[in-house]
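Engineer: Whole structure, please, built from the sequences with the hints as guidance.
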Amino acid sequence: MTETVTPLRVGVPREVHQGERRVAATPSTVQRLRKLGLEVLIQSGAGEGASFLDSAYAEAGAKIVQHAAELYGMADIILKVRAPEKLSDVDVHEADLLKENALLISFVWPAQNKELLERLANRKANVLAMDAVPRITRAQKLDALSAMANIAGYKAVIDGASHFGRFLGGQMTAAGRVKPAQVLVVGAGVAGLAAIAAARSLGAVVRAFDTRPVVREQIESLGGRFVEFKFEGETGEGQGGYAKQVSDAYLLAEQTLLAQHCAEVDLVITTALIPGKPAPKLITSGAVVGMTRGSVIVDLAAEQGGNCALTEPDRIVEKYGVTIVGLTDLTSRMAPLASELYAATVTTLLTDLMKTGKLFIDERDEVHRGMQILCDGDLRWPPPKPQVRSGAPRQPAEAAAKPHHDKHAPKPVSPWPRRIGLLLALAVLLPLGMWGSPELLQRVTVFLLACIVGIYVIWNVAPALHTPLMSVTNAISGIILLGGLLLVPGASSSITLTVAAVAVLIAAINVAGGFLVTQRMLKMFHK
Amino acid sequence: MPQSLATVTYIVAAMLFVASLRGLSNQETARRGNFLGIVGMLLAVGVTLIALLQSPVTVKLTHLGVLGAATAVGCLIGSVLAARVAMTSMPELVAILHSFVGAAAVLVGVGTALEGRAHDVAHAIETYIGIVVGAITFTGSIVAFLKLRGTIGSRPLVIPGRHLINILLVSGCIALAVLGGGRKEAVPHLLGVIGLASVLGAHLVMAIGGGDMPVVVSLLNSYSGWAASAAGFMLGSDLLVIVGALVGSSGAILSFIMCKAMNRSIWNVVFAGFGDTPKAKAKGDEEQRPVQQTNVEETADLLLHAKSVIVVPGYGMAVAQAQHPVKEITSMLAGRGVQVRYAIHPVAGRLPGHMNVLLAEADVPYDIVREMEEINEDFEKTDVVVVIGANDIVNPSALEDESSPIWGMPVLEVWKAAKVVMLKRSMAAGYAGVENPLCFRENTLMLFGDAKQTVSKLLTAIAAKMT
Numbered sequence: 000m001t002e003t004v005t006p007l008r009v010g011v012p013r014e015v016h017q018g019e020r021r022v023a024a025t026p027s028t029v030q031r032l033r034k035l036g037l038e039v040l041i042q043s044g045a046g047e048g049a050s051f052l053d054s055a056y057a058e059a060g061a062k063i064v065q066h067a068a069e070l071y072g073m074a075d076i077i078l079k080v081r082a083p084e085k086l087s088d089v090d091v092h093e094a095d096l097l098k099e100n101a102l103l104i105s106f107v108w109p110a111q112n113k114e115l116l117e118r119l120a121n122r123k124a125n126v127l128a129m130d131a132v133p134r135i136t137r138a139q140k141l142d143a144l145s146a147m148a149n150i151a152g153y154k155a156v157i158d159g160a161s162h163f164g165r166f167l168g169g170q171m172t173a174a175g176r177v178k179p180a181q182v183l184v185v186g187a188g189v190a191g192l193a194a195i196a197a198a199r200s201l202g203a204v205v206r207a208f209d210t211r212p213v214v215r216e217q218i219e220s221l222g223g224r225f226v227e228f229k230f231e232g233e234t235g236e237g238q239g240g241y242a243k244q245v246s247d248a249y250l251l252a253e254q255t256l257l258a259q260h261c262a263e264v265d266l267v268i269t270t271a272l273i274p275g276k277p278a279p280k281l282i283t284s285g286a287v288v289g290m291t292r293g294s295v296i297v298d299l300a301a302e303q304g305g306n307c308a309l310t311e312p313d314r315i316v317e318k319y320g321v322t323i324v325g326l327t328d329l330t331s332r333m334a335p336l337a338s339e340l341y342a343a344t345v346t347t348l349l350t351d352l353m354k355t356g357k358l359f360i361d362e363r364d365e366v367h368r369g370m371q372i373l374c375d376g377d378l379r380w381p382p383p384k385p386q387v388r389s390g391a392p393r394q395p396a397e398a399a400a401k402p403h404h405d406k407h408a409p410k411p412v413s414p415w416p417r418r419i420g421l422l423l424a425l426a427v428l429l430p431l432g433m434w435g436s437p438e439l440l441q442r443v444t445v446f447l448l449a450c451i452v453g454i455y456v457i458w459n460v461a462p463a464l465h466t467p468l469m470s471v472t473n474a475i476s477g478i479i480l481l482g483g484l485l486l487v488p489g490a491s492s493s494i495t496l497t498v499a500a501v502a503v504l505i506a507a508i509n510v511a512g513g514f515l516v517t518q519r520m521l522k523m524f525h526k
Numbered sequence: 000m001p002q003s004l005a006t007v008t009y010i011v012a013a014m015l016f017v018a019s020l021r022g023l024s025n026q027e028t029a030r031r032g033n034f035l036g037i038v039g040m041l042l043a044v045g046v047t048l049i050a051l052l053q054s055p056v057t058v059k060l061t062h063l064g065v066l067g068a069a070t071a072v073g074c075l076i077g078s079v080l081a082a083r084v085a086m087t088s089m090p091e092l093v094a095i096l097h098s099f100v101g102a103a104a105v106l107v108g109v110g111t112a113l114e115g116r117a118h119d120v121a122h123a124i125e126t127y128i129g130i131v132v133g134a135i136t137f138t139g140s141i142v143a144f145l146k147l148r149g150t151i152g153s154r155p156l157v158i159p160g161r162h163l164i165n166i167l168l169v170s171g172c173i174a175l176a177v178l179g180g181g182r183k184e185a186v187p188h189l190l191g192v193i194g195l196a197s198v199l200g201a202h203l204v205m206a207i208g209g210g211d212m213p214v215v216v217s218l219l220n221s222y223s224g225w226a227a228s229a230a231g232f233m234l235g236s237d238l239l240v241i242v243g244a245l246v247g248s249s250g251a252i253l254s255f256i257m258c259k260a261m262n263r264s265i266w267n268v269v270f271a272g273f274g275d276t277p278k279a280k281a282k283g284d285e286e287q288r289p290v291q292q293t294n295v296e297e298t299a300d301l302l303l304h305a306k307s308v309i310v311v312p313g314y315g316m317a318v319a320q321a322q323h324p325v326k327e328i329t330s331m332l333a334g335r336g337v338q339v340r341y342a343i344h345p346v347a348g349r350l351p352g353h354m355n356v357l358l359a360e361a362d363v364p365y366d367i368v369r370e371m372e373e374i375n376e377d378f379e380k381t382d383v384v385v386v387i388g389a390n391d392i393v394n395p396s397a398l399e400d401e402s403s404p405i406w407g408m409p410v411l412e413v414w415k416a417a418k419v420v421m422l423k424r425s426m427a428a429g430y431a432g433v434e435n436p437l438c439f440r441e442n443t444l445m446l447f448g449d450a451k452q453t454v455s456k457l458l459t460a461i462a463a464k465m466t
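Going line by line, the protein sequences match chains A and B.
So for the first sequence, numbering that gives the first Met the number 0 puts the first residue at 0; every next one is plus one.
So for the second sequence, numbering that gives the first Met the number 0 puts the first residue at 0; every next one is plus one.
Treat the hints as calculated values from the structure; they're not laboratory data.
Incorrect hints may appear among the rest.
Claimed, not checked - DSSO-like, lysine-lysine: derived pairs with alpha carbons at most 30 angstroms apart:
id: 1; chain 1: A; residue 1: 357; chain 2: B; residue 2: 380
id: 2; chain 1: B; residue 1: 306; chain 2: B; residue 2: 259
id: 3; chain 1: A; residue 1: 62; chain 2: B; residue 2: 464
id: 4; chain 1: A; residue 1: 354; chain 2: B; residue 2: 380
id: 5; chain 1: A; residue 1: 62; chain 2: B; residue 2: 418
id: 6; chain 1: A; residue 1: 357; chain 2: A; residue 2: 123
id: 7; chain 1: B; residue 1: 415; chain 2: B; residue 2: 451
id: 8; chain 1: A; residue 1: 354; chain 2: B; residue 2: 259
id: 9; chain 1: A; residue 1: 34; chain 2: B; residue 2: 415
id: 10; chain 1: B; residue 1: 306; chain 2: A; residue 2: 34
id: 11; chain 1: B; residue 1: 418; chain 2: A; residue 2: 357
id: 12; chain 1: B; residue 1: 418; chain 2: A; residue 2: 354
id: 13; chain 1: A; residue 1: 98; chain 2: A; residue 2: 62
id: 14; chain 1: B; residue 1: 464; chain 2: A; residue 2: 357
id: 15; chain 1: A; residue 1: 357; chain 2: A; residue 2: 34
id: 16; chain 1: B; residue 1: 464; chain 2: A; residue 2: 354
id: 17; chain 1: A; residue 1: 318; chain 2: A; residue 2: 280
id: 18; chain 1: B; residue 1: 306; chain 2: B; residue 2: 418
Structural biologist: See the structure below:
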């Protein structure tokens, strides 16, 4: 294209949340972004917590910008980890810094952040939430939540082990036998499964609890024992593979079961979350009292209120001799890895958005639509119900999809070809009906039916067979040989005979050549 | 032999032909399909000959002898052609065979008219349609044949006002047909119609660009079927009508499927070709960008260290007959545990399914040969893509540059792979005459030279490194 479009600017600010060390871009994703034709701005010090220096970003081709306000003012696309919040030093909210109609890609948690949505809507922002990636196979590369959960699960075990005064694995030593630690993992989502794997690899004996019976196999595949839980007429399986909220009686039964298991284990890791709701209080204070002194609980749900009744978010406390880790920034404590994985998902998303060469959020695309929170300030959340089908191909989520940022709307199909076709058909059929002989009409019938048969027979042909198919139809159309033969009876002149003989000759070339060459080709195809 | 028995045999032959086409649409049943086609043809010809022998109208034995001899000679020529043709020349063979059907249809039409069988309006119309379609098929196929052989250039011949010329030619045919009618004496008219239709056929195909050849070949296939069908109408043979319609509609559908694969409408291909789309190529700054060249040694190392390799063959591989060494390389890599696959674009080569045939000839198992839809998502997970003599089908401007003549055509997205090695004779543009920005990508390495020589050297280099 000859038009000179100024490249879109991607801005990556320093995270302002207390203790947040992650960053939404690494030097290597900066390179990927630049390959998309984007200009990248990084706020000075953005990657410091994750051990990425400004100089590394600059080397990758990013422009370093000192102040957040300056960065927000220039960027068309903002990549962040945490949802925008108030800057701590000055009385400014990040959302208010956004350029009008800019695109924000970050975790948003729209259900819990109504006020933030209003602020963003005021800026006429476009918002894609990394926490709203649909759980379908095609979107796995974008699944930032799973990437973070995986890290959190691992880190939970490592932190739990560091607060636990014994080995996790069993040992036979000269000084005596050490029994392996018992670990209970509550909630076998991505974080839970990662925790099972990490605890197992340290040698602990792991059991895992989940209300969704379908995860049993996954737990067992990692070497954990599935804690059976049955309750009349209800399972905890909700939409899209997430857990759902359950009745009070159901919750009570869960709590009782977990209290029994807590009494038997040394380390409890809880990961139970319900989308858009406070975390269920599965570990009651009674259960904590019942635990052995020196045991540890790591509550990964602390940010959503915690799975344990005694969890204090962002703090490590000791209650009844049990250490309860309520840290909410476990992923941030592994900032280099977490940043790398998060930045990769965000970059993949941008690559997908830019696949037409321009920034385009395709509302017909299940993934884009699912993540879309705001479109030019209009609320688009929650999206229509997701298709519960893994590996689902692109489904038109809404009939009236309105493309924005780009004009690739398909042209409406012109009605004229169809109308002309109808007219032509009439022009042929009408005279046939008026003056055609019965014999002719019968032949037309045969002809049309044969056309239809031809269409249906060929419709699903494998592309690899196009050439053999063509050469066989070629041979078959040598049937015109019969035409030559049929000319002969009653031929009155030698010219006719000659004409017929030549027709037969060349048609015969066709028949023999076509069939033989097809045979030759087909012999070569093998599995 | 009673007439009804002959008719029943014809019905059986028609069913066999349907079964034959059906069989050809699947790898497992393809060979049986071909066999059924042969049986159907033998039945049809045999029964017609017997019927001729017994026909109430006397047929001189010498006449039958002539016909028999003609059939035998034709079969002999056909067999020799089929046995000797190289797999890479398959497109030419198919095109020239189409022209035979067209010529035969014209001859049958002429014979019918000479015998005065086109006595009423209906028969006259049928005869003229048969002749016109036959003549278009004949000359169109010859032009296609010449284009495929490279005797005449692949560029579309775009004469100003060519649509008007076409309309005039068609009107001329109609006028002559009306004037001549079905009279025995209207030979000049008949020859005039043949002449005009021949010019029309040649002109139509001349105006279509080389990149559209697969579609053209399959369209001509379709025409040859319609010509046979028209002959059936003339001679009152239901078998001819049915078989012609089968071939005609299957060829049409095949063309339609291919047009969809190129994101074009069939009308656009038939009446315009690439010549009609605006040639927007005035970007001086982009023409002179540097490309990264590589050599055989580097490529060998790259391939040996890759975990996954996808080979994208194009017409260049066919021309250079490089499929055998390519297959050797890929089996060696596969033997080392490298995941090797082939990606085939629906319009790679000059004939639908061309690449599949070549790879099959080289003994590549067909389960590692993937179609575009199956493999396009996998390129980004692939370490090395080797593009051998393909150009337009891997051209990123189809997706990125709205002014490109091939804009909107689905292509193999090879540039998403970590590295692309592009084997190419020179920096010349592809068949569609469009420059390929893929050459200038950062992850693209160019390996210049004749495909066969380069691939053979690569094979030697890899073999040497593996021992």
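Engineer: Taking the hints in turn, state whether each one holds.
Structural biologist: The hints, checked one at a time:
Using a Cα cut-off of 30 angstroms, the hinted pair residue 357 of chain A and residue 380 of chain B holds, with the two alpha carbons roughly 23 angstroms apart. Straight-line distance between C-alpha atoms of residue 306 of chain B and residue 259 of chain B comes to about 34 angstroms, which puts the hinted pair past the 30 angstroms bound. The suggested pairing of residue 62 of chain A with residue 464 of chain B is violated, with an alpha-carbon distance near 44 angstroms, which exceeds 30 angstroms. Between the alpha carbons of residue 354 of chain A and residue 380 of chain B the distance comes to roughly 17 angstroms, so the proposed pair stays at or under 30 angstroms and holds.
About 27 angstroms separates the Cα atoms of residue 62 of chain A and residue 418 of chain B, which keeps this hinted pair within 30 angstroms; it holds. At most 30 angstroms may separate the alpha-carbon atoms for a hinted pair to count; residue 357 of chain A and residue 123 of chain A meet this at roughly 20 angstroms. Taking the CA atoms of residue 415 of chain B and residue 451 of chain B, the gap is about 26 angstroms. The hint holds against a cut of 30 angstroms. With a C-alpha separation of about 21 angstroms, the suggested pairing of residue 354 of chain A with residue 259 of chain B holds against the 30 angstroms cut-off.
Distance hint between residue 34 of chain A and residue 415 of chain B is fulfilled; the C-alpha atoms sit about 11 angstroms from each other, no more than 30 angstroms. Using a Cα cut-off of 30 angstroms, the hinted pair residue 306 of chain B and residue 34 of chain A holds, with the two alpha carbons roughly 24 angstroms apart. Distance hint between residue 418 of chain B and residue 357 of chain A is fulfilled; the C-alpha atoms sit about 24 angstroms from each other, no more than 30 angstroms. A threshold of 30 angstroms between alpha carbons decides the hint, and for residue 418 of chain B with residue 354 of chain A the separation of about 19 angstroms falls inside it, so the pair holds.
Of the supplied pair hints, the one linking residue 98 of chain A and residue 62 of chain A holds, its CA atoms being roughly 18 angstroms apart against a limit of 30 angstroms. In summary, the hint linking residue 464 of chain B to residue 357 of chain A is not supported, as the alpha carbons are separated by about 44 angstroms, beyond the 30 angstroms threshold. Restraint check for residue 357 of chain A and residue 34 of chain A: the C-alpha separation of about 13 angstroms stays at or below 30 angstroms, so the hint holds. Our distance criterion of 30 angstroms between C-alpha atoms is broken by residue 464 of chain B and residue 354 of chain A, whose separation comes to about 39 angstroms.
Under the criterion of a C-alpha separation no larger than 30 angstroms, the hint pairing residue 318 of chain A with residue 280 of chain A is consistent with the structure, at around 16 angstroms. In summary, the hint linking residue 306 of chain B to residue 418 of chain B is supported, as the alpha carbons are separated by about 12 angstroms, within the 30 angstroms threshold.
Of the numbered hints stated above, those contradicted by the structure are hints 2, 3, 14 and 16, listed in ascending order.
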